[in-house]
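Numbering of the sequence shown is given in our numbering, commencing with residue 92 and proceeding in unit increments.
Calculated from the structure, these hints are not laboratory results.
Warning: the hint list may mix true and false statements.
[To be verified] What follows is a set of in silico ranges between Cβ atoms, one per label pair, in the way DEER data are often shown:
| # | residue 1 | residue 2 | range |
| --- | --- | --- | --- |
| 1 | LEU93 | PRO159 | 21 to 27 Å |
| 2 | PHE122 | VAL146 | 20 to 26 Å |
| 3 | ASP94 | VAL146 | 17 to 23 Å |
| 4 | ARG96 | ASP158 | 16 to 22 Å |
| 5 | VAL146 | GLY112 | 18 to 24 Å |
| 6 | SER98 | VAL136 | 18 to 24 Å |
| 7 | GLU101 | GLN148 | 22 to 28 Å |
| 8 | LEU152 | GLY127 | 35 to 41 Å |
Even glycine gets a Cβ: it sits at the ideal position worked out from N, Cα and C.
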Amino acid sequence: MLDLRRSDTERLRVTVGEYRGRTLIDIRLWFVVDGGAWKPGRAGVSLRPEQAGEVMQALRLAALAADPKGAH
Numbered sequence: 092m093l094d095l096r097r098s099d100t101e102r103l104r105v106t107v108g109e110y111r112g113r114t115l116i117d118i119r120l121w122f123v124v125d126g127g128a129w130k131p132g133r134a135g136v137s138l139r140p141e142q143a144g145e146v147m148q149a150l151r152l153a154a155l156a157a158d159p160k161g162a163h
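Using the sequences and the hints given, assemble the complete structure.
Right under this line is the structure:
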């Protein structure tokens with residue numbers, strides 16, 4: 092869904108997956124390990140799909156508060 096490069100060794104990824112039979116949206120930091128493979132880190136959160144709307148609204152409000160002229 093999203094693979095945002097934060098640095099040469101860190102990415103923010105948004106994915107959709109299943110855990111214990113439930114569909115979840117996962118927002119997690121990934122990092123490079125020796126050998127160049129990407130691995131998920133512990134820093135992240137998994138949301139139920141019905142929670143996504145509230146989180147997106149909060150992100151829009153935070154972006155507007157941080158940059159009132161540039162946020163969309």
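Taking the hints in turn, this is what the structure says about them:
1. LEU93 with PRO159: 21 to 27 Å: 24 Å, holds
2. PHE122 with VAL146: 20 to 26 Å: 23 Å, holds
3. ASP94 with VAL146: 17 to 23 Å: 18 Å, holds
4. ARG96 with ASP158: 16 to 22 Å: 21 Å, holds
5. VAL146 with GLY112: 18 to 24 Å: 22 Å, holds
6. SER98 with VAL136: 18 to 24 Å: About 20 Å separates the Cβ atoms of SER98 and VAL136, which means 18 to 24 Å holds.
7. GLU101 with GLN148: 22 to 28 Å: 26 Å, holds
8. LEU152 with GLY127: 35 to 41 Å: 38 Å, holds
When held up to the earlier numbered hints, the structure conflicts with none and fits them all.
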